[in-house]
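Chains A and B supply the protein sequences, listed in that same order.
In terms of the numbering used here, the first sequence has 157 at position 157, counting the first letter as 1, and numbering is strictly consecutive.
With positions in the second sequence counted from 1, the corresponding number in the numbering used here is that position plus 1000.
Fair warning: there could be bad hints in the mix.
As the list claims (entries may be wrong) - The list that follows gives simulated cross-link-like pairs (lysine to aspartate or glutamate, EDC-like), each with its CA atoms no further than 20 Å apart:
(1) A:Lys-136 with B:Glu-1215
(2) B:Lys-1219 with A:Asp-80
(3) B:Lys-1219 with B:Glu-1051
(4) B:Lys-1016 with A:Asp-275
No wet-lab data here; the hints were simulated from the structure.
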Amino acid sequence: MKALLVCEYRDGKLLESSYELFAFADKLNAEKVALVIGNDANVPAFGGKVYLADVSKYGEYNPDIHKKLVLEVVNKENPDVIVLVHTSYGWDLAPRLAASLKAAQLSEVVNIVDGGFELSCLNGKMRRIVAPKTDKKVITIQSGAFTPQAPLSGTPEVIKLDLSLESGNIEFLGYEVAEKTGVDLSKAEIIVSAGRGIGKKDNMPIIEALAKALGGEVGATRPVVDAGWLEQSRQVGITGQTVSPKLYIACGISGAVQHIAGMKKSDFVVAINKDKDAPIGEVADVLVVADILQFVPALTEKLSK
Amino acid sequence: MKILVCIKQIPDMESKFKINAEGDWFNETDVSFWMNEYDEYAVEQSIQLKEQLGNEPDVTVLSIGPDRVVESIKKALAMGCDRGVHIKDDEAFRKDPAQIASIIYEFAKDKGFDIIFTGMQSQDRGSAQVGVLLAEMLGYSCVTTVVNFAYDNGVINAKRELEGGIKSLVKTKTPAVITCQLGLNTPRYPTLPNIMKAKKKELITLNVADLLKQEAVAKTEKFYYPEKKGVGMVIEGDLAAMVDQLISVLKEKTTVVK
Ligand SMILES: Cc1cc2nc3c(=O)[nH]c(=O)nc-3n(C[C@H](O)[C@H](O)[C@H](O)COP(=O)(O)OP(=O)(O)OC[C@H]3O[C@@H](n4cnc5c(N)ncnc54)[C@H](O)[C@@H]3O)c2cc1C
Ligand SMILES: Nc1ncnc2c1ncn2[C@@H]1O[C@H](COP(=O)(O)O)[C@@H](O)[C@H]1O
């Protein structure tokens, strides 16, 4: 089995998550070939073949160009699986590759179980083993699911790709980086976060009161922020802040991977949820099965005494 | 201008899922279904675009699934789409994303849609494939994970959401597929008069057998509950007792509650 690992590279840097591709390939016992659309200074240090396409020539992510570069390497190497991390890069590019190769794509693989690919579904409540039926397979792996055991070592055999490619029909205009305003939750010792279970904006003071009683900060999931119930700077998760408080209290939060990625480094996690099977239970040290609208005020009252 | 919106119905994620007899998905009895959240943003964006262009565009909303999906199509019609297409398929849950995309492709290929809106992903499967695959099949341009959308005279300017607070700004031309991310807009609630009006809108029913040209490329072999990893503590029961129990655990296990 041979795996082509499509590394992700942004704004001059190889993204750390790319190393997870190597961990996945190792778990699969696959021979590894990597593709980096970056520059010489940023080639993963592993003792195998690395195809390098110069980012100064091809530019930042452009779907058409990246698709053609990957297909070129697929042509040369004839890999069995083409692997990307399930990020805004991977989920954008992978289906384009799958369509061109008429290959099955499995999205967001979380594990390899008895040789089968395990996927999470129904917001983390269930798992599936999905069997691809095509010779070639395109796979995206869940970010954080395959952790490298040791740093890579070795000297890669670098093969430069030099193709003349047209940029296709999507033009990249630039990046917009959110201004850092508002609170920095990364330093908070206690965070009380509200999820959609809070129901409406009028109920937010319940969360604020508990945070105040504990001397902590208020955080939230994305739907709470999208609904305008709390400012964006308080969002925890992959598209918000990454936090690591001593105590994280998740109120009415289901526990989607995108949220968990931002708070799993917390020392102690309490989840309050009326659904005993909510996936947040998997990362919680304590799961309180209760209605937050009743439980949280009662807790605040007792703590304030 | 012709616009297509693709919507999927998904189960209430707070349900207790019971494995079906075939062992490849869940039993639908006692489970409520509604429109995939991401697709609500897709519907809203299509209507905003229609309004921006003085109501000229014609918006078709399409869903593949059993009869229950008509409920969600009706909601989209009440929000402002012009016409519904129900591709009836009781086995839609067994289809892989490539098959779903190819069914939509067969429907859309000769209709000349200028813009197709889909969700970035479906909440139940989260494959994030259908929109992109459809675009590739149609030879359309495709921008995914869109949190900001602007249209002017055949040109689309969009912001894609990347990780860690970064967005990328991209420009493309129609025809295009746009996959919608959470927060793209604020989906409207259908008003009662609009719900009434929607009842008179055209609803076309097609049979999936006439549109399915692609064999499955992936198959669910097993469907099961995840192993409970962290055997965390569960507190249940009487309110006052739960409060007391939690406070004593916090005092014992953390340094920040005294
Ligand atoms: C690319 C991408 C990036 C994303 N980035 C982020 C991110 O950075 N951060 C983030 O949070 N999400 C992010 N999301 C969204 C994420 O997938 C989930 O949709 C979101 O985290 C769900 O938020 P929630 O738990 O508040 O809501 P839900 O999933 O709706 O869960 C609500 C929970 O509240 C419980 N509940 C309801 N009522 C009560 C009550 N009265 N008492 C007790 N419990 C109750 C329910 O049982 C349920 O478990 C992202 C998604 C994508 C695709
Ligand atoms: N059965 C379906 N009927 C109509 N549209 C669908 C269906 N399944 C998926 N889609 C569309 O494709 C998007 C991505 O779905 P997925 O690739 O399953 O994550 C959804 O948000 C919908 O817009």
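Review point. Which hints from the list above does the structure break, by number from lowest to highest?
Key: Violated hint (a single one): 3; every other hint is consistent with the structure.
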